[in-house]
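Whenever a hint applies, use it, and build me the whole structure from the sequences.
Residues per chain are reported as follows:
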Amino acid sequence: MSTPEITRPRVPRVRFGERLLRGYVWLVIAWLFLPIVVMIVFGFNDTASKSNVTWQGFTLRWWGRLGDYPELVGAVVNSLKVALLATLITTVIGTLMGLALGRYRFRGQGATNLALFAAIASPELVMGASLLSLFVSAGVDTGFWTVVVAHVLFSLSFVAITVRARVIGLDRSVEEAARDLGASTWITFWRVTFPMILPGVVSGALLAFALSIDDFVITQFTSGAMETFPLWIWGATRIGIPPQVNILGTLIFAVGVVIAVVNTVTARRRT
Amino acid sequence: MTEIQAGSAEEGAAVAAPSSPRVPAIELSGVVKEYLAQGEVVQAVKGVTLSIAGGEFFSLLGPSGCGKTTTMRMIAGFEDPSRGTVRLHGQDVTGVPPNRRDVNMVFQSYALFPHMNVWENVAFGLRRRKVAEADIRRRVGEMLEIVDLTGREKRRPREMSGGQQQRVALARALVNNPRALLLDEPLGALDLKLRQAMQIELKRIQREVGITFVYVTHDQSEALTMSDRIAVMNDGLVEQLAAPREIYERPATAFVAGFIGTSNLLDGTVEESTGGRAVLRAGYEGRILVEGGTHAVGDHVAVTVRPEKITISAEEPEGDVSAVRGTVSEVVYLGLYNSYAVRLADGAEITVFQQNALDSTSTAERGEAVWLSWQPRHSYVIGS
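Protein chains in written order, with my numbering: chain E, 1 to 271; chain H, 1 to 384.
Treat the hints with care, since some could be wrong.
What the hints assert, rightly or not - Derived contacts from chain H toward chain E, CB cut-off under 10 Å, selection only:
no., residue
1, Ala76
2, Arg100
3, Gly125
Said to hold, decoys possible - Far from chain H, by Cβ distances over 12 Å, these chain E residues were calculated:
no., residue
4, Phe106
5, Leu211
6, Val261
7, Val265
Bear in mind the hints are in silico, worked out from the structure with no lab data behind them.
The beta carbon of each residue, even a glycine, is placed where N, CA and C say it ideally should be.
This is the structure in structure tokens:
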């Protein structure tokens, strides 16, 4: 039974609740982005002293003097080299792992899954310390390559798990259709399977890159004499962080945003 | 159309055989498929032998789990038989991988490539066979015309309706001009109206391209409508292999009789048997006449009778017919016909369809005692 009273709109209450929700959402977003905004803004701060914490006025000066600290530039280059290499290795191995885990039933599968989650769940301190003692007892000199190995290690799980999720969601008959239409297993993988899991592979790779570029704890344990961007900043905090750090941080953030946007757009087009 | 068929000559990559009209397109002999499930051997297919002629519309019909899909997958090459052989145009292809068999499949889920548009989907098979680009353009164009998808080449599968995706899947398989097209419940996901339209469409396309179709379905009306011949499968075995009319009118086993349409199962003991005709009696008033076959007096015989072959009358019918007496327990009006449930003295219930003609005078009421009669040739003896 519908009565006229029921159809009468009760707009005000709905509006209020909605407004509250909207305000709350913006608050959360502000809370997330305020530190980043501060970082970006202080890259333009016309500060004279070494401590870049109070606003002195706008300048583009620091953008022209990015190379003032050669060790900082070197650290950023190191970070990028480690991140790119680690991402590449992680993506290849992680994708293969994800395929195996998502597709086949095999002995040790449960243990492998457990190990993947353990690697994510274990504290960085534990991982860093144990890696260091492993390298030391194996007589390996810590440096660039030990950092790469460490980064591959802690980001592998993320790639394997994202790819596995994608593989599990795949319709097997699509691959059978490719075989049925005359494609060998090799062609089927590259023409059909890989394009279909590509969104998972790309998001896994992005995760791996993001994890690697700003890792501090594990890198600290395994880097030896090599310095990466986060390590340099940590060292600099004792004497004051120069605005160049803010600018480099801004650039890394900008690259990250661009990649994320591109990924979202193409993923929307693909699937 | 003729040009589409001309395409296969240059594609020597797939298994080629001289296609003499007498060589069956597909031959299964003694095919068994066993799986290991939790340490136990399970037979999905328990020994299927059949041969399908070139250009035939052949259906594998049966309930889920009867082995029909496994049988088809062995023809396609996705499964290898545990025993027995699969031949395509006389050539033994047992163990040959699916990409080197000259048959194509239409999957239940369509299995279109989601990252390719319609054109790329349809061209996929031709590309794998290294067909010249100009030929690909021509053949894909022609095929899309046949399935009525011209102008939608750039669409992605997810941007299309179920019926359209279905036609893309069909085009993608047919464009390769396979020796046989295998269809795995291809209309299962469509709604009733579209399904009926596609049944007619499929039959038209099959006539047009002249390719052998092997159709897997659990829908008896679909199989009866489209097929030249049907193999009714149950529990890993073929129960009956015959033309639709034969399957319907003369079911060979109780399973076939029960699975296809509505059927009445009656049994009795042979009382007299003379000149290829037997008279059965059972625990109710009346007799059942059976023609053909040799039945000794005292034999126990089961027969089926289709509901529409039975006539209801108040008086005991005259003449040379089967006639049994019972009480009407239910009358259901179904528009085109009435459905009566008539209970016999031994408890058996017989379903009778009576058409609603204008001059219908035989309409019986619930609770009324009636006579059911049918011609002797409509009693079909069921094998045990």
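Against the structure, the hints:
1. With a cut of 10 Å, the hint placing H:Ala76 at the interface with chain E holds, because the nearest CB-to-CB distance is about 6 Å.
2. A least Cβ separation of about 8 Å between H:Arg100 and chain E falls short of the 10 Å threshold, and the interface hint therefore holds.
3. Residue-level restraint check for H:Gly125 holds (minimum Cβ-Cβ distance to chain E is 4 Å; threshold 10 Å).
4. Even its closest Cβ contact with chain H, about 15 Å, leaves E:Phe106 beyond 12 Å, as expected for a residue assigned away from the interface.
5. A cut-off of 12 Å between C-beta atoms confirms that E:Leu211 is not in contact with chain H; the least separation is 28 Å.
6. Here E:Val261 stays apart from chain H, with its beta-carbon at least about 21 Å from theirs, past the 12 Å limit.
7. Annotated as non-interface, E:Val265 keeps its C-beta farther than 12 Å from every C-beta of chain H; the closest such distance is 15 Å.
Checked against the numbered hints listed earlier, the structure breaks none of them; every hint is satisfied.
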